[in-house]
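Protein chains in written order, with the working numbering: chain A, 52 to 510; chain B, 52 to 510; chain C, 52 to 510; chain D, 52 to 510.
Just so you know, these hints were derived from the structure itself, not from any lab. There's no promise every hint is true.
As the list claims (entries may be wrong) - Straight-line C-alpha distance at most 20 Å; calculated DMTMM-like pairs for lysine to aspartate or glutamate: (1) Lys-197/D <-> Asp-166/C; (2) Lys-197/A <-> Glu-167/B; (3) Lys-324/D <-> Glu-353/B; (4) Lys-365/D <-> Glu-423/B; (5) Lys-399/C <-> Glu-353/A; (6) Lys-197/B <-> Asp-166/A; (7) Lys-98/D <-> Glu-88/D; (8) Lys-197/A <-> Asp-166/B; (9) Lys-399/B <-> Asp-447/B; (10) Lys-399/B <-> Glu-353/D; (11) Lys-365/A <-> Asp-342/C; (12) Lys-324/A <-> Glu-353/C; (13) Lys-399/D <-> Glu-353/B; (14) Lys-365/C <-> Glu-423/C; (15) Lys-324/C <-> Glu-167/A; (16) Lys-452/C <-> Glu-462/C; (17) Lys-197/D <-> Glu-167/C; (18) Lys-399/A <-> Asp-447/A; (19) Lys-324/D <-> Asp-335/B; (20) Lys-197/B <-> Glu-167/A; (21) Lys-365/B <-> Asp-342/D; (22) Lys-324/C <-> Asp-335/A; (23) Lys-324/C <-> Asp-280/C; (24) Lys-399/A <-> Glu-353/C; (25) Lys-365/B <-> Glu-453/B.
To be verified - So, partial list: chain A residues that the calculated Cβ filter (under 10 Å) puts toward chain B: (26) Lys-98; (27) Asp-106; (28) Val-139; (29) Phe-145; (30) Leu-146; (31) Arg-149; (32) Phe-154; (33) Ser-173; (34) Ala-190; (35) Val-204; (36) Pro-205; (37) Arg-209; (38) Ser-278; (39) Thr-282; (40) Ala-479.
The structure displayed is predicted, hence computed values, not measured ones. For every residue, glycine included, the Cβ atom is placed at its ideal position computed from N, Cα and C.
There are 4 protein chains.
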Amino acid sequence: MTSQLHEECGVFGVFGVEGAADLVRIGLTFLQHRGQEGCGIAYTDGKGELVLRKDQGLVSRVFPEAVRGGGRSAIGHVRYGTTGGGGVDNVQPFLFCRRSGSFATAHNGNLVNADELMQALSTQGALFHSSSDSEIFGALLGSGLKGGGTISVPLLSRVLNRIDGAFSLLVLTDNALYACRDKTGFRPLSIGQLGGGYVVGSESCSLEAAGVHSIRDVRPGEIVRISADGTESSFYSAAAQCAMCAMEYIYFARPDSDIEGRNVHAFRKESGKILYRENPCEADLVVGVPDSGLSAAIGYSEASGIPLEMALVKNAYVARTFIQPTQEMRLNGVRMKLSPVRSLIEGKRLVVIDDSIVRGTTSRQLVRMLREAGAAQIHMRISSPPLRNPCYYGVDISSRKELISASLTVEEVGRYIGADTLSFLSEAGLMEAGGRSDLCMACFSGRYPTDIYSHEDNN
Amino acid sequence: MTSQLHEECGVFGVFGVEGAADLVRIGLTFLQHRGQEGCGIAYTDGKGELVLRKDQGLVSRVFPEAVRGGGRSAIGHVRYGTTGGGGVDNVQPFLFCRRSGSFATAHNGNLVNADELMQALSTQGALFHSSSDSEIFGALLGSGLKGGGTISVPLLSRVLNRIDGAFSLLVLTDNALYACRDKTGFRPLSIGQLGGGYVVGSESCSLEAAGVHSIRDVRPGEIVRISADGTESSFYSAAAQCAMCAMEYIYFARPDSDIEGRNVHAFRKESGKILYRENPCEADLVVGVPDSGLSAAIGYSEASGIPLEMALVKNAYVARTFIQPTQEMRLNGVRMKLSPVRSLIEGKRLVVIDDSIVRGTTSRQLVRMLREAGAAQIHMRISSPPLRNPCYYGVDISSRKELISASLTVEEVGRYIGADTLSFLSEAGLMEAGGRSDLCMACFSGRYPTDIYSHEDNN
Amino acid sequence: MTSQLHEECGVFGVFGVEGAADLVRIGLTFLQHRGQEGCGIAYTDGKGELVLRKDQGLVSRVFPEAVRGGGRSAIGHVRYGTTGGGGVDNVQPFLFCRRSGSFATAHNGNLVNADELMQALSTQGALFHSSSDSEIFGALLGSGLKGGGTISVPLLSRVLNRIDGAFSLLVLTDNALYACRDKTGFRPLSIGQLGGGYVVGSESCSLEAAGVHSIRDVRPGEIVRISADGTESSFYSAAAQCAMCAMEYIYFARPDSDIEGRNVHAFRKESGKILYRENPCEADLVVGVPDSGLSAAIGYSEASGIPLEMALVKNAYVARTFIQPTQEMRLNGVRMKLSPVRSLIEGKRLVVIDDSIVRGTTSRQLVRMLREAGAAQIHMRISSPPLRNPCYYGVDISSRKELISASLTVEEVGRYIGADTLSFLSEAGLMEAGGRSDLCMACFSGRYPTDIYSHEDNN
Amino acid sequence: MTSQLHEECGVFGVFGVEGAADLVRIGLTFLQHRGQEGCGIAYTDGKGELVLRKDQGLVSRVFPEAVRGGGRSAIGHVRYGTTGGGGVDNVQPFLFCRRSGSFATAHNGNLVNADELMQALSTQGALFHSSSDSEIFGALLGSGLKGGGTISVPLLSRVLNRIDGAFSLLVLTDNALYACRDKTGFRPLSIGQLGGGYVVGSESCSLEAAGVHSIRDVRPGEIVRISADGTESSFYSAAAQCAMCAMEYIYFARPDSDIEGRNVHAFRKESGKILYRENPCEADLVVGVPDSGLSAAIGYSEASGIPLEMALVKNAYVARTFIQPTQEMRLNGVRMKLSPVRSLIEGKRLVVIDDSIVRGTTSRQLVRMLREAGAAQIHMRISSPPLRNPCYYGVDISSRKELISASLTVEEVGRYIGADTLSFLSEAGLMEAGGRSDLCMACFSGRYPTDIYSHEDNN
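Please model the complete structure; the sequences and the hints are all you need to start from.
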């Protein structure tokens, strides 16, 4: 699928490694697919202070050179943001300065009781410097530090127990790095050892890139404190229960990441096989929509015996900021990002594998483009169930109105996008692909694993 | 003198004028001489929210285009900062977000009890986002807003009474603009009417540039609240007593500004006349060191009858960031900024008028350069008394050690810089030039008009 | 393969279409893979003059906005260049101004008698403004315009007959666009109709992107003159014989391009099938090296029945300019661009499909990385014959010394890169994949289809 | 006067000095007032080749760092250009590459027979790469090098004899630097010795900045060849006769430059004295319009005994690119660049000294601004005669229509600009100030010292 779903952010942290700040730069480069709006790195300066550098843009723009200097620990963040969302002030990490010890935070996810907490904090005199719900962590920690003291596991436990929603959170102090994951485990967070130190990151691929091998997931509800004494694990909630976001497997994560023991590419390939089993099709070739539909397409091809062809080619140089042509050309937006290969397509019956359908407009343009390239038949197969409900945990689907499957039947959607046939993977098929039943599938089923507070109104 | 003294910042605010944010851009351009490190503008968006834009660099870099949109009030800030001083986080205005109403602050000056206040605020759980003492205003206001409420004159009065030191402070809320000046009146702040609205700025020249004519100074200890109901004046302290920074007249301010009723150029020209009366000299020509020495040179020439010549020319295109040549040229740093006019200087006896001597290195290079250009005699005349003490109110002279006059006699300084004769204006002469005795002359005399708290140790 | 082979440039032209200059911008975006160093567009201004805009960097950097204005014809160029190669002066198109009519040129390819021609032109008083051999076209045309006159097919024919080597050349005048291809047909050039006008481009994918459908190749030795009267075809040489560069199919061109009737992806997939037939292998999975090895990997998998896995993932955000980490991490350069998927690789026997081996260093790092990720066996299969000879027609392989296969046997190369087995496609297999025997395979076989002049010495 | 007159360019060259390219950077910084549109440096690379770096923008933008490397000779250029004038292609130096030796040129001035020469060269097959008349030097030299050979004094003599108009020209080859000045000597060019090498530059101030002391002017019609053998002087024309551009003294040149033995500040000051003698006035203060009116104001004040005040202050931070405010403020354009000092002006009778009046619009805004600041009377005194004729030698006054004094009498101009009285310096007075009668005063008198060819028509 080509960029209609988005999740907010990725985090990366290092403790006890020489050149920690620059290692975070490397790690963020491998999380860049999770957010391109801005990024930052907070690091110890080796003299008891924290330093923060952040700006809008890609990692390669904000940190065009290696980050020199700094001590042996650092955290970083890549941000996905909606247009005009607050500028550089909303770019993380956030740095909170205090006389008795500064700290920095980096957060991936979305809080569901943010409004309630901000109201309460404001009454207590708290001031905010951004419009991001991620600043709530700092404000609650600051509030808990009245009378002095420093960040600690008990304080973090008290704070995290007040927060509902999705968070994979890093907190950096002068002498410790805390890696925390919400008790539902919506967002991934992996941790591993590098030499005498430790590395944490939103996806395992970023740890691999940093040279880390023995990698485990931070567990739902777990707080891992990393310090000169090694790691110390505790759980802030006894109510922890896993409901990993299914869209991480389906769309967000890189295929080379392992999430909770399951490789993302393997998941997708398996979902492609099941998709064929559930929705077989006679056709001449299988075409995956780059990049996220490719793995499922390999699976579909393998299961069906229908040959796989690269009949859709992505243009790597057409960035999100690409300017549309001035004139009335017969080019649609999808055409700038994907090129159909006429000589492969002409006269052929196509099974087109995509990961999801959001508004339907992209699929409609895609089908039209393939027909113009001469396709005889177009059978759309989607490797996930229909999206019917908004997400409050960090996936950027703001309202039910935008979701075509919320108001139309599968048959109607098929007609709208112009495909000969259309089918989706079943919820059961998705769980089978994952080899697990504890996924958050709220956006498909409407069953939210947490209270959703005031969001119920605009549900 | 060429840039060894610096003061932190200038502020500018507008209330009740269409295009307020862009008018602040214009005003800041006329305060740019007070700070070139960074700048920002906070403005109402016309819908109850405040918007902040800020970055490092000149006004023309940060705001390369007119600032469009925004409501009818705004404040801005230009920052002078030492190298590497905290990056964009220290650039003002600061924006403090609250559920019951955000506010922004812009501050010119230096607090003397900043350490004590930050310590106290930290104990209460306050978090800071910069390393600037200017954030204390926001933190104290936030602390005073516990339990709700909004910025008000009584709250500001309570807060300002806790703060010692120099401040000209602007506070912007959704519906009011507060212009405050410390009770000693160290830093200038002027206010005037424009159409149905109001404009405030660090120097009167910036108000003139904005088209404002009937201008008065905000008084020491005064809080001017500007709202839809017009202006309302109150005083937060009964102990107000003026001690305007003498260096504002001598060096910082633009010659076209009037500070507390006295034009800066006129002050300087008069000081040049008195300088001649106190320290006459036989010479062929008077040379002022651009830019701040020119007015005094005109006065010296007029009083002495010795012709004035532009025998030192400033290179407008050599910025602070000019890269020194790679090779071992016989060029000193002063030579890149000032060019001596050989044909005017050769064989002549010169009276060179400068505004001050800090370390003595610049004067030494200047004298050498003039000798190489053929000067027969060089008589240095300084239009202020010798600098012997550090400033804690915002002038960037951090320690006594740097001040050549703190350890050497005038005769020794003269010998060090290589002049034939050297003399300084007396303290009495300085007061006479100002037509007032209530100037802060602590850097000359060591008599500080306020408690200086812990600074006494490194005095 | 990851970027050790490079070809110089792509060209794109438009005649008789509204918004021609901006359409060239779109086209160049789809040729960006052929050159990232610089780009430019020359276009008619609608008033009889030509305008040139060009700079170093990607199309999206040089033309961050739509190119507005201009007339109905334009040509453009993307340049691949070696480091420090002459700066912006070497970026094309070149504009040649004359009183009786200016013209612009854009050239893809490399001339073999450039030295001889420059020598001759210099003697006649010609001046050059770049160090690029592409300026020779302009100089020869200028020389032919002595005494007046304008660009014409007869003049072009005379000029092109003096030039040996590879060129796909566009020449733009105020009222015509000439599309020329050298008589050996080394470099691709396609042409098609768009509305009442015409579009030409280095690869058919760029024409498709511009909305052109009925596309043909400009033929070896052909000059197509496009004017208000339509197109007019002539041949400058009777000796035309095709020897299309095999590397275009193997590595340079986009998989969605058709070159002389053969789709590039289809070619590569077929070469993968033949590669299996020639060099079978027992293994658990087939892995293609992104991006150019993927198509062949699909073919190899299909032919062998060994499942295809995306066990190597490319990092889209690691640009050519990525800064290596400061410290001594255990990261090699390949690791920053490609990530192995441990959970897919561990304990498995791999067939790794790459398109070519140049120096061997990249393959060696790749093999090491796969072993570290747990691969049990690594069988490298290369979908082209060993590279043993330099190219003088535009592929950036400057000397035999750099080519590992020039001095080592296949077995020795296999040992050097650390693979369990290594085999290459045969020359016969390559021709079979192309369905044609008239490819230039000089870099494999050493049989150059043209005289190579003075290059013989450093051969 | 504030920027309505402009001259094209400044040149700077170095031969036989270590770090020549970077020394040119320094020199150009001191010629920046002569052109801000673009700049460049061509230098020997120490291995027989010339390297060119150039771009649009100030020296500090194009060369933000010291220019490292390069051999011991270099030339540079700063360009003044009209808006949109051809982009970077028109920025000099121009580099002309030839097999038997490249050369580079840098030119200050304007040719009067450019059209005729380009026509002739075009007929001979010459191609141009810019729309600048300065490329003619290269084309003529190239034409003279047919059949081989190198740049030499005889060749330059032949070429320069074909060219009419204004030029101070530098030509750099691998082993020599030629400094040439047209036979009328319109534009300045100075030369001096630095260590074992030589430095040439448009104004002596740039040579002083580079550390050169014994400076002489290149003479009208002179070619100075500088090589490893020292300097060699010849004259290309026996008809040489001086007519130095009067505007160089009046407006363009820096006050610290000496032109043909006369210091510019001294000239201006003297012209101020004569201006008083010719046009006395009763007033309270003398005000010079910064920067170019200041020297004359000092002279006027000295001669009249009327005190000089800095009642107009220039805003150093308002660049040419300053964006005007969005809204309808009562600010005129002059107001952004110059600030009147109300407290000095109020109720006073002013003599305002400016160097020239072009269109009259700026003076009119200035007078209005001074009246608004409270001036009781305004007596404008212009330190040059009325501008009535276009210049064909490099001063950017394109047509008679723009010149207010071409169509109005002095009295009418005075009424238009709103001054109480207005007078100009006489032509005789100007010559007296210069101590010479051989100035080019064509723009005042209409007596052009050369044939003006086809320009007569639009005269």
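Evaluated hints:
1. Proximity of Lys-197/D to Asp-166/C is assessed by CA-CA distance (about 18 Å); at most 20 Å being required, the pair is judged to hold.
2. Between the alpha carbons of Lys-197/A and Glu-167/B the distance comes to roughly 16 Å, so the proposed pair stays at or under 20 Å and holds.
3. For the hint pairing Lys-324/D with Glu-353/B, the CA-to-CA distance comes to about 16 Å; that is within 20 Å, so the pair holds.
4. Between Lys-365/D and Glu-423/B the alpha-carbon distance is near 31 Å, which puts this suggested pair outside the 20 Å criterion.
5. For the given pair, Lys-399/C sits about 19 Å from Glu-353/A by alpha-carbon distance, which is consistent with the 20 Å threshold.
6. For the hint linking Lys-197/B to Asp-166/A, the alpha-carbon distance of about 18 Å falls within 20 Å, and the restraint holds.
7. Taken as a hint, the Lys-98/D and Glu-88/D pair is broken in the structure, with Cα atoms around 31 Å apart against an allowance of 20 Å.
8. Proximity of Lys-197/A to Asp-166/B is assessed by CA-CA distance (about 18 Å); at most 20 Å being required, the pair is judged to hold.
9. Distance check on the hinted pair: Lys-399/B and Asp-447/B sit about 36 Å apart at the alpha-carbon level, beyond 20 Å; violated.
10. For the proposed pair Lys-399/B and Glu-353/D, the alpha carbon gap of about 19 Å is at most 20 Å, so the pair holds.
11. Among the hinted pairs, Lys-365/A with Asp-342/C is consistent with the structure: their alpha-carbon atoms are about 11 Å apart, no more than 20 Å.
12. Proximity of Lys-324/A to Glu-353/C is assessed by CA-CA distance (about 16 Å); at most 20 Å being required, the pair is judged to hold.
13. For a cut-off of 20 Å, the pair hint linking Lys-399/D to Glu-353/B stands: about 19 Å separates their Cα positions.
14. Of the supplied pair hints, the one linking Lys-365/C and Glu-423/C holds, its CA atoms being roughly 18 Å apart against a limit of 20 Å.
15. For the given pair, Lys-324/C sits about 62 Å from Glu-167/A by alpha-carbon distance, which is inconsistent with the 20 Å threshold.
16. Between Lys-452/C and Glu-462/C the CA atoms are separated by roughly 18 Å; this keeps the pair inside 20 Å, and the hint holds.
17. Note on Lys-197/D and Glu-167/C: the hinted pairing holds, with a Cα-Cα distance of about 16 Å set against a maximum of 20 Å.
18. Between Lys-399/A and Asp-447/A the CA atoms are separated by roughly 36 Å; this puts the pair beyond 20 Å, and the hint is violated.
19. A hinted pair counts as satisfied when its Cα atoms are at most 20 Å apart, and Lys-324/D with Asp-335/B qualifies at roughly 18 Å.
20. As the CA atoms of Lys-197/B and Glu-167/A are separated by approximately 17 Å, the hinted pair is consistent with the 20 Å bound.
21. For the given pair, Lys-365/B sits about 11 Å from Asp-342/D by alpha-carbon distance, which is consistent with the 20 Å threshold.
22. For a cut-off of 20 Å, the pair hint linking Lys-324/C to Asp-335/A stands: about 18 Å separates their Cα positions.
23. With a C-alpha separation of about 47 Å, the suggested pair Lys-324/C and Asp-280/C falls outside the 20 Å cut-off, and the hint is violated.
24. Pair hint Lys-399/A plus Glu-353/C holds up; C-alpha atoms about 19 Å apart against a cutoff of 20 Å.
25. A distance of roughly 26 Å separates the Cα atoms of Lys-365/B and Glu-453/B; the hinted pair therefore is violated under the 20 Å criterion.
26. Annotation: Lys-98/A was flagged as interfacial toward chain B, and the flag is violated, the nearest CB pair being 13 Å apart, outside 10 Å.
27. The beta carbon of Asp-106/A comes within 8 Å of a beta carbon in chain B, closer than 10 Å, and the hint placing it at the interface holds.
28. Hint on Val-139/A holds. Least Cβ distance to chain B is approximately 7 Å, under the 10 Å limit.
29. A cut of 10 Å between beta carbons decides the hint on Phe-145/A: the least distance to chain B is about 8 Å, and the hint holds.
30. Checking Leu-146/A against chain B by beta carbon gives a least distance of about 6 Å; that is within 10 Å, so the hint holds.
31. The restraint placing Arg-149/A at the interface with chain B holds, with a minimum CB-CB distance near 5 Å, inside the 10 Å limit.
32. Taken as an interface hint, Phe-154/A checks out: its beta carbon lies about 9 Å from the nearest beta carbon of chain B, inside 10 Å.
33. Of the supplied interface hints, the one on Ser-173/A holds, with its beta-carbon coming within about 4 Å of a beta-carbon of chain B, less than 10 Å.
34. Using the Cβ-Cβ criterion of 10 Å, the hint placing Ala-190/A at the interface with chain B is satisfied: the shortest such distance is roughly 7 Å.
35. Interface hint at Val-204/A: violated, since its Cβ lies 19 Å from the closest Cβ of chain B, which is beyond the 10 Å cut-off.
36. At its closest, the beta carbon of Pro-205/A sits 16 Å from a beta carbon of chain B; the interface hint therefore is violated under the 10 Å criterion.
37. With a least beta-carbon distance of about 14 Å to chain B, the hint placing Arg-209/A at the interface is violated under the 10 Å criterion.
38. With its C-beta approaching chain B no nearer than about 22 Å, Ser-278/A sits outside the 10 Å limit, and its interface hint is violated.
39. For the restraint placing Thr-282/A at the interface with chain B, the shortest Cβ-Cβ distance is roughly 27 Å, beyond the 10 Å limit, so the hint is violated.
40. At its closest, the beta carbon of Ala-479/A sits 44 Å from a beta carbon of chain B; the interface hint therefore is violated under the 10 Å criterion.
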